[in-house]
Amino acid sequence: IQIKILTMANKHRFFFLRSAQQVLRCLYSRRSVPSISHMYLTKPSLPPKSLAWAHNFSRNCSTYSSGMRHNAYSFKNSLSHITISDRHICTWLFRQDLFVILRDFSGLVQILIPQDESKSELKNAFLGLTVESVIMVKGRVRRRPEGQENKKMSTGEIEVCAESMEVLNTCRKLPFEIKEFVKKSEVLRMQYRYLDLRSPRMQYNLRLRSQMVMKMREFLCNLHGFVDVETPTLFKRTPGGAKEFVVPTGDPGKFYSLPQSPQQFKQLLMVAGIDRYFQLARCYRDEGSKPDRQPEFTQVDIEISFVDQAGVMSLIEGLIHYSWPEDKGQMNVPFPSMTYEEAMRDYGVDKPDTRFGMKLVDVITAFQGTQIEFIKDALLKPGGCIQAICVPEGTNHLKGKDLEFLKQTAKTQYGQEVSVAPVRADGSLKSPLSRLLSDTAKQQLLQMAQANAGDLIFITAGPLENVRPLLGKLRLQCAELLECYGVPVRDPSVFHFLWVVDFPLFLPKEDDPEMLESAHHPFTAPVPEDAHLLYTQPHKVRGQHYDLVLNGCEIGGGSIRIHNASQQLYILDTILKEDPSLLSHLLEALDSGAPPHGGIALGE
1 IQIKILTMAN KHRFFFLRSA QQVLRCLYSR RSVPSISHMY LTKPSLPPKS
51 LAWAHNFSRN CSTYSSGMRH NAYSFKNSLS HITISDRHIC TWLFRQDLFV
101 ILRDFSGLVQ ILIPQDESKS ELKNAFLGLT VESVIMVKGR VRRRPEGQEN
151 KKMSTGEIEV CAESMEVLNT CRKLPFEIKE FVKKSEVLRM QYRYLDLRSP
201 RMQYNLRLRS QMVMKMREFL CNLHGFVDVE TPTLFKRTPG GAKEFVVPTG
251 DPGKFYSLPQ SPQQFKQLLM VAGIDRYFQL ARCYRDEGSK PDRQPEFTQV
301 DIEISFVDQA GVMSLIEGLI HYSWPEDKGQ MNVPFPSMTY EEAMRDYGVD
351 KPDTRFGMKL VDVITAFQGT QIEFIKDALL KPGGCIQAIC VPEGTNHLKG
401 KDLEFLKQTA KTQYGQEVSV APVRADGSLK SPLSRLLSDT AKQQLLQMAQ
451 ANAGDLIFIT AGPLENVRPL LGKLRLQCAE LLECYGVPVR DPSVFHFLWV
501 VDFPLFLPKE DDPEMLESAH HPFTAPVPED AHLLYTQPHK VRGQHYDLVL
551 NGCEIGGGSI RIHNASQQLY ILDTILKEDP SLLSHLLEAL DSGAPPHGGI
601 ALGE
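Position one of the sequence shown corresponds to residue 1 (my numbering), numbered consecutively onward.
Bear in mind the hints are in silico, worked out from the structure with no lab data behind them. Each residue gets a CB set at the ideal place from its N, CA and C atoms; glycine is no exception. Misleading hints may appear alongside valid ones.
To be verified - Straight-line alpha carbon distances no greater than 27 Å define the calculated DSS-like cross-link-like pairs of lysine-lysine that follow:
hint : residue 1 : residue 2
1    : 328       : 401
2    : 138       : 184
3    : 401       : 411
Unchecked claim - Simulated restraints, written as ranges between beta carbons of each label pair:
hint : residue 1 : residue 2 : range
4    : 339       : 174       : 40 to 46 Å
5    : 253       : 174       : 45 to 51 Å
6    : 222       : 293       : 29 to 35 Å
7    : 381       : 200       : 51 to 57 Å
8    : 169       : 587       : 57 to 63 Å
9    : 434       : 381       : 49 to 55 Å
10   : 222       : 131       : 40 to 46 Å
11   : 490       : 293       : 20 to 26 Å
12   : 508       : 174       : 51 to 57 Å
13   : 246       : 480       : 34 to 40 Å
14   : 492       : 255       : 40 to 46 Å
Whole structure, please, built from the sequences with the hints as guidance.
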């Protein structure tokens, strides 16, 4: 009897979780949770960069001090109150000369080597050290002599006069120097990752990530009543999505799959009554052939019951605004949004970088009645179009080899020909196409492309589904090439957040265009206005799917989920031709009183 009860408990876990919550809520009063629609709170200041230096407590229980930041920088902040002080500093030797520079994550401090004869033994000990050795120095902190301050160092107003030094560990000759300007190959950095992580940039990145994660936890748990739930790492194979890693078991022929994301688990938690869930989830995807993907990564995984698309987007804007680092500048909310169709029409990609222009333009009007054969043939094909992008000052900067590279990209990756039309100083076109166009058509082309003298126009014709991605790719490549020649195109200090919405729910499969596959995943709900098209024209249905894009990179994606079992079954079985038995556990849960729910994952 006990075995049977335990089996039922595991199978119908979400029911048990529901009942347990009712008991806990009777025992403990639950704090009121603000509504999702009111997420914009005043952001408290993040700790200043000097916080790590300024605190005066020891982080260890040994005889060593808590590192350089506990000592030197605190003197800088309180020089008006002290004249001389005795301090211990334990850290890495960065550079040595008449003085020694010591380094830890928070910066540098200068140690003055004594030059008098009575301290010759200490001087020789310093001079005999290798760079990156770990030492402990005792000395007296003082102001630097007037005129010797270093404004580039946070501790540039003081120096430490060494009185004694203990070598805690020496360092061999390293494969590369721990300096920002020293170039290192990616392979070498990965081989000696522990050394690479000593660099200021990597130290900053890791500590910034930790700081942001703590702020996110505070925002979600303390301010908005979310529950941090850890979901299983070993699961069974499920249809859709990326290729999964498999883990063999001791039972011959049986394997686990590593989850691509906690998608099904968090939907089951919604059925279980955990109405506001999140976790820092570890995800695994076997997509080694894609250059912008990793086999394992971490995402901030969120799911909410009784929410709509606007509610999820509002929550995420509040979350990012709350945890945004102060040194990255002001961030404005709400974020702008555009539809998938607008993104593809103007930028040729579904994750546009809106920091610069070069938008795609339709120039078919300029070619009406044309006798140019390849354009006539392209227009005869289904969805045929003629589109262009204009590269400002492209003629002045892009060389012949660059143009050949771009043409080759178009030919090899997209099977398309691209015509290049430079604009001369007098405003005329320098292109074989210009001989085949009337003066009126040339003027139309220049006006539609908004091209000026010195600009470069790329023109291509073909099916819309080929032309848009091609020009979107060329737009980004032109920006990269111009930046290589010193032309500022994309400001790295600017952060352009953007929501992309109204994605198609289904897309034709690449290997079989007659079949459909999910544009996001098979659990995304259709836009209510398009739900009736599921049964007649599924390729026209829009999904309640939303992506968050930052400077041309997708940093998050989510959707409102299907919470109706019959609709989910129809999509799996009839439209996607997937085996529903592989998701029987989810279908049973959806048929057990599942609330409307949706979510998002940041960090994909």
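Here is what the structure says about each hint:
1. 328 to 401: Roughly 37 Å between the alpha carbons, so the hint for residue 328 and residue 401 is violated.
2. 138 to 184: At roughly 34 Å apart (the allowed maximum being 27 Å), residue 184 and residue 138 break the hint.
3. 401 to 411: The given pair, whose Cα atoms are some 15 Å apart, holds under the 27 Å limit.
4. 339 to 174: 40 to 46 Å: violated (52 Å)
5. 253 to 174: 45 to 51 Å: Since the Cβ atoms of residue 253 and residue 174 sit about 48 Å apart, the hinted range of 45 to 51 Å holds.
6. 222 to 293: 29 to 35 Å: Taking Cβ atoms as reference, residue 222 and residue 293 lie about 33 Å apart, which means the hint holds.
7. 381 to 200: 51 to 57 Å: About 55 Å separates the Cβ atoms of residue 381 and residue 200, which means 51 to 57 Å holds.
8. 169 to 587: 57 to 63 Å: holds (60 Å)
9. 434 to 381: 49 to 55 Å: Given a distance of about 25 Å, which is not inside 49 to 55 Å, the answer is violated.
10. 222 to 131: 40 to 46 Å: holds (44 Å)
11. 490 to 293: 20 to 26 Å: holds (22 Å)
12. 508 to 174: 51 to 57 Å: holds (53 Å)
13. 246 to 480: 34 to 40 Å: holds (38 Å)
14. 492 to 255: 40 to 46 Å: Given a distance of about 44 Å, which is inside 40 to 46 Å, the answer is holds.
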